[in-house]
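**Q** Line order of the protein sequences matches chains A and B.
Under this note's numbering, the first residue of the first sequence is numbered 1, with each subsequent residue one higher.
Under this note's numbering, the first residue of the second sequence is numbered 1001, with each subsequent residue one higher.
To be clear, the hints were calculated from the coordinates, so they are not data collected in a lab.
Do not rely on the hints blindly, as some may be mistaken.
[As the list claims (entries may be wrong)] With a Cα cut of at most 30 Å, we get these calculated DSSO-like pairs of lysine-lysine:
{"#": "1", "chain 1": "B", "residue 1": "Lys-1398", "chain 2": "B", "residue 2": "Lys-1385"}
{"#": "2", "chain 1": "A", "residue 1": "Lys-69", "chain 2": "B", "residue 2": "Lys-1428"}
{"#": "3", "chain 1": "B", "residue 1": "Lys-1517", "chain 2": "B", "residue 2": "Lys-1480"}
{"#": "4", "chain 1": "B", "residue 1": "Lys-1200", "chain 2": "B", "residue 2": "Lys-1110"}
{"#": "5", "chain 1": "B", "residue 1": "Lys-1511", "chain 2": "A", "residue 2": "Lys-69"}
{"#": "6", "chain 1": "B", "residue 1": "Lys-1349", "chain 2": "B", "residue 2": "Lys-1373"}
{"#": "7", "chain 1": "B", "residue 1": "Lys-1161", "chain 2": "B", "residue 2": "Lys-1133"}
{"#": "8", "chain 1": "A", "residue 1": "Lys-69", "chain 2": "B", "residue 2": "Lys-1349"}
{"#": "9", "chain 1": "B", "residue 1": "Lys-1402", "chain 2": "B", "residue 2": "Lys-1385"}
{"#": "10", "chain 1": "A", "residue 1": "Lys-69", "chain 2": "B", "residue 2": "Lys-1436"}
{"#": "11", "chain 1": "B", "residue 1": "Lys-1385", "chain 2": "B", "residue 2": "Lys-1373"}
{"#": "12", "chain 1": "B", "residue 1": "Lys-1161", "chain 2": "B", "residue 2": "Lys-1322"}
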Amino acid sequence: MATTTNVRVGVLPVSNAVRPPRSLWGDAWYQFRRHKLAMAGLGVLLLLVLGTLVGPFVYRTPINVIDFKVAIEGPSPDHLFGTDDLGRDLLARALWGGRVSIAVGLTAVLIAITLGTTIGSLAGYFNKLDNPLMRFTDLFLSLPILPLLLVIIYLFRDTLRAAFGPELGVFIMIVTVIGVLQWMPVARLVRAQFLSLKQKEFVEAARAIGAADRRIIFRHILPNVLSPVLVAATIGVGGAILTESTLSFLGLGFPPDVPTWGRLLYDAQNYIDVAPHWAIFPGLLIFLTVLSINYIGDGLRDALDPRKSA
Amino acid sequence: MTAVLALAACTQQTPAGASPSAAASAAAKRGAGGDLKILYWQAPTILNRHQATGTKDADASRLITEPLASFGKDGLPVANGLAAEIPTAANGGVSADFTTVTWKLRTGVKWSDGTPFTADDVVATFTYQCDEKSAASTIDRCEGVKSVTAKDANTAVVTYKEPQPFYYQWGVGDAGTILQKAQYANCLGAKAKDCAADQKPIGTGPYKVREFKAGDVVTYDLNENFRDPNKPFFKSVTFKGGGDATSAARAAFQTGDVDYAWNLQVEATVLKPMAQQSSTATLTTVYGSSVERILINFSNPDPALGDNRGEPGTKHPFFSDKAVRRALAMATDRNSVAEQLYGGGLSGKASCNILTAPEPMNSKNTDGLDICKFDLNAANAELDKAGWVKGSDGVRAKGPVKLKILYQTTVNPVRQKTQDIMKANWEKVGFQVELKSVPAGTFFTNTSPDGANHFWSDVEMFTNSGDPDPTSYFVGWTTKQMTGKANNWQFGNYHRYSNPDLDAVVDSLRKETDQKKRNDLAIKANDILVSDVVVIPLINRTFATSGVSKSLKGVDPTPWDSEMWNIADWTK
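Hey, can you work out the whole structure from these sequences and the hints?
**A** Pasting the structure below:
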């Protein structure tokens, strides 16, 4: 008997040593890999990011060479995506513009999520902060966006342009503006989740054994809030890419010769019947980006949901 | 070649001087036509011409109220308004010193409410329009006008303070609208604001307002009291506002929903096939003095100067060197812009003159200038000679000064493409170009630091046009007119350009009374501005660019007046 016990005692540590402890992220990754659409989305997104980062070095056609002889031509071996009305190569422009658009989309959403989650969790967890922070959120929700943008741009454009140059300066400005105008829904979402989760037994248990507020927030509640936040984030990326094009449309965005995806679409709108390729390719790229990010979000939500992985 | 021919067929250029009414009126009978449908993609918001805020308002009011006379194609008045004849120096209507103009008015004209029209109405209009407290948008027409008086019931006398070479300034054309004295009696001065009459003015024109929904649509009925018993042809008019230029073009050329679609500012590559393939409408255009131009800044727009930024007296770091300006002009490919973006004559043609009309004032001297020819080698040579050396980044510099240009214009697809073409060529000769586009509402104000008036960039681009007499147009380049903080950026010389030679020419233009000599002076002023590269003219744009139904007859736009100037003559 003692032998068997010994054996079992001996076996257990061995098996523990072979199988590493399961972590939240390890589990999530395990689940995520089994989500086919999410993996496909990740693949497409990586491809797009790589394409826009490395593409311009491989596909060396310049983005701004004007050649009227080939204006408004459909896809051909010379110009895989065709050309615009000034005869510029659309593939080169789309690759170059993708950098800006993807960067704007991801960074702006990162800012929105960070701000929104911080404010939402503080408001949801600490009763005292709830009212002032939520009124602050309401304030932001009720701000008239266009006049605000005009003021911000009037105040900071020249400063940023002088400090970082016309493109980086505008990038910082736009990313901040979009981020700062998009955090409110996230904050409300996070607050609502916090309000319901902090009443749950596992939080009370944690509090009962003396866990500090910080630990409860970060270890116990936040991971459970992640899934709605990630979904909100994935929707936000597409929104941010489109907001950037709206700003360009109003003349508040990048200099007009920077070919972001939104700008390409905007330029193409009047040509949709004579040169559909011009609108289709950037549109398709925006569509693919947003769709793949959505699937990734979907996969992440499933992977992070404890009930689902059980 | 086929394309050019087809285009010529599509663009109906009516011959100058043809009488617009002769053919139409023969068959026309009052009210024989049904409803005339006019589409303006900007909607009118007020029907008093003197409070109008845009062409849409001015044109919508022209159906109701009329001026003394209209401006014809040659820039001279046509007596289709309230005047019985056009006063000239020859018939004694204009005094020898060009200070008084005596207008003989038509007799027996009635307002649409049945009351008679007299010279008192003309005087009352002057009192209303030229009182600063009325805040009339047409008050610029009052500048230099001493008085307007009634000599008798059918004679009005306009007196100018000094000899006025453009003696048709007051009372003629688009801004010369005459209002009814009785209706506006309670709307003088400060009371002009919120005047109910502005929504439903009583006029002498061919139509009267049935219903006006501000910002949407105006419906008109024919005016039974109109002086010509055979006109107007249409029983009613629907003047619809709203939408955008592209959808307006579709309504005229593809669906045929409207008889007249205004100002089809659509990219030529889109508009051209639409107009060519249309079975419903033709594109009607007329060239005038509208010139798309690139302005060069002579002051220093560097923000580091603080309050002194862009003020008269500062000197531009590199545009003060004429060689740099010349090189910039030589690297300007206006022909490609005209061909690709304005459809090669569809909505504009290349021009190296800043004054393109009237025709006798259109300079023939600029075609031969080296700065009017697109030549990158010559531009490079010019800069080499002047000591601007290309750095490792391809940007030319002299000492610490780099040829870095900030190039601003309004948000507009055609302008953005023009910017792209300019940038590509300018960068080839060693400029570094940063583009900026500003919404039109912000750009055309004297309050915004991004505006054309402040001109806090190195070059900027927009379109401007002049009167039939170019004096006031050229005044905008004189030393006294330099814009800046002192005048709240309201003066016209945005360049802060100062040249005593030009000032002298403009001074003579103010006084010279011989028409032949005036033409020479205008050409001289044009040549100075072009050869000194103060401004780089690009495109002579069409003044009117409208889609006109193939069944609609009598439409004959003039570059100097409202497109509705002869709507009484329109028939089907």
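**Q** Confirm or reject each hint.
**A** Hint check:
no.: 1; hint: Lys-1398/B - Lys-1385/B; verdict: holds (12 Å)
no.: 2; hint: Lys-69/A - Lys-1428/B; verdict: holds (19 Å)
no.: 3; hint: Lys-1517/B - Lys-1480/B; verdict: holds (24 Å)
no.: 4; hint: Lys-1200/B - Lys-1110/B; verdict: holds (17 Å)
no.: 5; hint: Lys-1511/B - Lys-69/A; verdict: violated (51 Å)
no.: 6; hint: Lys-1349/B - Lys-1373/B; verdict: holds (15 Å)
no.: 7; hint: Lys-1161/B - Lys-1133/B; verdict: holds (21 Å)
no.: 8; hint: Lys-69/A - Lys-1349/B; verdict: holds (20 Å)
no.: 9; hint: Lys-1402/B - Lys-1385/B; verdict: holds (16 Å)
no.: 10; hint: Lys-69/A - Lys-1436/B; verdict: holds (27 Å)
no.: 11; hint: Lys-1385/B - Lys-1373/B; verdict: holds (19 Å)
no.: 12; hint: Lys-1161/B - Lys-1322/B; verdict: violated (39 Å)
Violation of the numbered hints given earlier is confined to hints 5, 12; the remaining hints are satisfied by the structure.
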